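Chemist: From first to last, the protein sequence lines are chains A and B. 1 is the number of the first residue of the first sequence in our numbering; add one for each residue after it. 1 is the number of the first residue of the second sequence in our numbering; add one for each residue after it.
Worth flagging that the hints you see were computed from the coordinates, not collected in a lab. A hint or two may mislead.
Stated by the list, open to error - Straight-line alpha carbon distances no greater than 27 Å define the calculated DSS-like cross-link-like pairs of lysine-lysine that follow:
#, chain 1, residue 1, chain 2, residue 2
1, B, Lys143, A, Lys115
2, A, Lys117, B, Lys117
3, B, Lys115, A, Lys105
4, B, Lys62, A, Lys143
5, A, Lys218, B, Lys143
6, B, Lys143, B, Lys62
7, B, Lys218, A, Lys117
8, B, Lys62, A, Lys115
9, A, Lys117, A, Lys62
10, B, Lys218, B, Lys207
11, A, Lys105, B, Lys207
12, B, Lys143, B, Lys218
13, A, Lys207, A, Lys62
14, A, Lys218, A, Lys207
15, A, Lys62, A, Lys105
16, B, Lys117, A, Lys62
17, B, Lys62, A, Lys218
Said to hold, decoys possible - Selected chain B positions facing chain A (Cβ under 10 Å, derived; list incomplete):
#, residue
18, Gly48
19, Lys207
20, Pro210
21, Arg211
22, Ile222
None of these values were measured; they are calculated from a predicted model. Cβ coordinates follow ideal geometry from the N, Cα and C atoms, glycine included.
2 protein chains.
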Amino acid sequence: MSRSERLLELIQTLRRYRRPVSGQRLAEETGVSLRTLYRDIATLQAQGADIEGEPGMGYILKPGFLLPPLMFSEDEIEALVLGSRWVANRTDSDLSRAAANVLAKIAAVLPDDLKPKLEGSNLLVPRAFSELEEVVDLSLIRKAIRNEHIVEIGYIDAAGVETERRIWPFALGFYDRVRVVAAWCEMRSDFRNFRTDRIQRMEPQGKRYPRRKAELLKSWRIAEGRDGSSDTANI
Amino acid sequence: MSRSERLLELIQTLRRYRRPVSGQRLAEETGVSLRTLYRDIATLQAQGADIEGEPGMGYILKPGFLLPPLMFSEDEIEALVLGSRWVANRTDSDLSRAAANVLAKIAAVLPDDLKPKLEGSNLLVPRAFSELEEVVDLSLIRKAIRNEHIVEIGYIDAAGVETERRIWPFALGFYDRVRVVAAWCEMRSDFRNFRTDRIQRMEPQGKRYPRRKAELLKSWRIAEGRDGSSDTANI
DNA sequence: CCGATACTGCCAGAATATGACAGCATGAGC
DNA sequence: GCTCATGCTGTCATATTCTGGCAGTATCGG
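Using the sequences and the hints, build the whole thing.
Modeler: Below, the structure written as C-alpha cells:
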C-alpha cells in the first residue's frame, strides 16, 4: 500500500472510533510501526486534519473528511463556486459559514493566476431579500434530521390555527421563498410538510424516532407523487 | 522540492502554455529528467488530469485545476453537496452536468461508510418546475461573459416591444424565477439588465468589448445602489 | 509516585524515486 | 518511404525518502 493510501485509511480508521484511540492501536490497524504512525499523524495534521492527541488518552478526529487530490474542469469549478455562493446567501448561518469556508479553502490552494478567476466569477446569486422571519434555528432542524430525532413544534397552519405536534423530521426542502420540513406527524399519523417560517417553537426531544429517515423519505416521495396536489412533488 | 509539490507545479506550468509544450521543455522547467517527467505525466493522468500528448507535438492540458488534498468538516461537505444540487437542478445543462460530475467525483473518493451520508443527505432542492422558456442557450451567455465578448441580442422588453441591441455582458444573476444578464447596452449607453427568457435571439460577435468585466461589475453595483429602484440592488 | 500515552531524535536498512541510456511508436513534412 | 520531433517503455544503478527500532522526554490522571 502506498503512503498516501495509508494516510487515507488512517483517517478512515480514526473516524470509525468515536472515542480516543491510542497510537499503538492505530499503528496495528494500519499495519505500521508506532514511530511511523506518529509521523503519519503529523503529516495529516500538516494537511489540515483536525486530529487531537492527549497524553494518556489517545487520538481523536473531529468530524470531517479528507478529500484526496481531485481534478476539476473549469465548468466544474464554476459550478462549485456558484453552488457555494447560493448556499452562502440562501441558507441558515451555520451552513452559510461552512460554504464560505469551502470557498476560502479552495481559493487558498488555487495557483495565484487563477484566484481572480474564482473570486471574480461573474455568476451571481442575490442575497435573499424578502426573507420570511424564522423564529426557530434552521441548524437545529438539520441536526434533528441528521440524528433522526423526534421534535415537538408549535405550528401555525395555512388557516392561521396554531397546533402542537410531535413530528419525525426527515428532510428539509429549499424552495425559492420558503423552506419546508418534511416529516411524519404523530398527530395526523401521516406525512406533513411544515414551512419553517410558520414554526413558532421547537424542542428536539433528544431521542430517535423508530424509523430510518431514508425509508421515510422514500415513502414520502411515493405519497407525494400519488396525490399530485402538492407542489413538493418534484422536490 | 517534494514530489507532490513538483506535480502541482507541473500542472501549473502546463496551464500557463496554451499551445502544446514538449516534454523536454517541461522537464527543464520543473528541474527533472525527461524520463521522470514522463513518469510524472503518467501519475497526473492516473489522478484524472486531462493531459493529452501527441507524438511530434507535445503535451497540452485541457482547462482544469488539480485540487490538492483538502480537509472538509461535516458542515462543509453538506454545504458542498447542497450547493451542487442546487446548481444541478437550477442552471443550464452544461453547468448542471458539471455539478453532477462534482458530486460524482467527491462520492468516488469518499470512504464507503460515508457514501450513504452524501447520497442520502436530506437537504433537498426542488427541480425548477415552472421554468420560463428560454430561447437562447445560457452556456453561450456564460461563455461570452467569460471572454468579455460583445453580443447582439433581440430583446422583448417589459412593454412587449422587441428591439435589437449590442450589449457587453459581464454578469449573470440567478434569481428565484428568472435569470438576468447584466450588461452595458450600447444603444442606451448605460447599464441594462436583461431577463434571459425575453432574449429572442443572440449572436456572440466573437470580439472583445473595450472594458474589463470586473470593472463593469463594480460600476454597475454602484449604479444599482444609487437609484435603488431595482430589485437587483442586492445581487 | 506510577502507568499510559503523546511526541522527538537518531540511525541503519527497506522501499521508492530518479536519471541515464537504449529502444520502439507515431504523426507531419518532404 | 525517409527523416525528424516527439511520445512512451524497459532496465538498472544510484539517490532520496520512508520506515522501524530504540532511547529518551513530556504530560495527564490517579
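Chemist: Within a Cα-Cα threshold of 27 Å, do Lys143 (chain B) and Lys115 (chain A) meet the stated pairing?
Modeler: Answer holds: Lys143 (chain B) to Lys115 (chain A) is near 19 Å, not above 27 Å.
Chemist: Check whether the Cα positions of Lys218 (chain A) and Lys143 (chain B) lie no farther apart than 27 Å.
Modeler: violated (39 Å)
Chemist: Is the straight-line distance between the alpha-carbon of Lys218 (chain A) and that of Lys207 (chain A) 27 Å or less?
Modeler: holds (22 Å)
Chemist: Straight-line Cα separation of Lys218 (chain B) and Lys207 (chain B) no greater than 27 Å?
Modeler: holds (22 Å)
Chemist: Please check whether Pro210 (chain B) passes as an interface residue: C-beta within 10 Å of a C-beta belonging to chain A.
Modeler: With Cβ-Cβ at 17 Å, over 10 Å, it is violated.
Chemist: Just to be careful, I want the Cα atoms of Lys62 (chain B) and Lys218 (chain A) compared with a cutoff of 27 Å; is the pair within it?
Modeler: Violated, at about 40 Å.
Chemist: Does Lys62 (chain A) sit within 27 Å of Lys207 (chain A), going by the straight-line distance between their CA atoms?
Modeler: The hint holds at about 23 Å.
Chemist: Would you mind confirming whether the straight-line C-alpha gap from Lys218 (chain B) to Lys117 (chain A) stays at or under 27 Å?
Modeler: Between Lys218 (chain B) and Lys117 (chain A) the Cα gap is close to 15 Å, so the pair holds against 27 Å.
Chemist: Please work out if Lys117 (chain A) and Lys62 (chain A) have their alpha carbons no farther apart than 27 Å.
Modeler: It is violated: about 32 Å lies between the C-alpha atoms, which goes past 27 Å.
Chemist: Hey, does the Arg211 (chain B) contact hint survive, CB to chain A under 10 Å?
Modeler: violated (13 Å)
Chemist: Tell me if the straight-line CA distance from Lys115 (chain B) to Lys105 (chain A) falls inside 27 Å.
Modeler: Since the Cα atoms of Lys115 (chain B) and Lys105 (chain A) sit roughly 22 Å apart, the hinted pair holds (cutoff 27 Å).
Chemist: Has the given pair, Lys117 (chain B) with Lys62 (chain A), been kept, meaning a C-alpha gap of at most 27 Å?
Modeler: Roughly 17 Å between the alpha carbons, so the hint for Lys117 (chain B) and Lys62 (chain A) holds.
Checked against the numbered hints above, the structure breaks hints 2, 4, 5, 9, 11, 17, 19, 20, 21, 22 and satisfies the rest.
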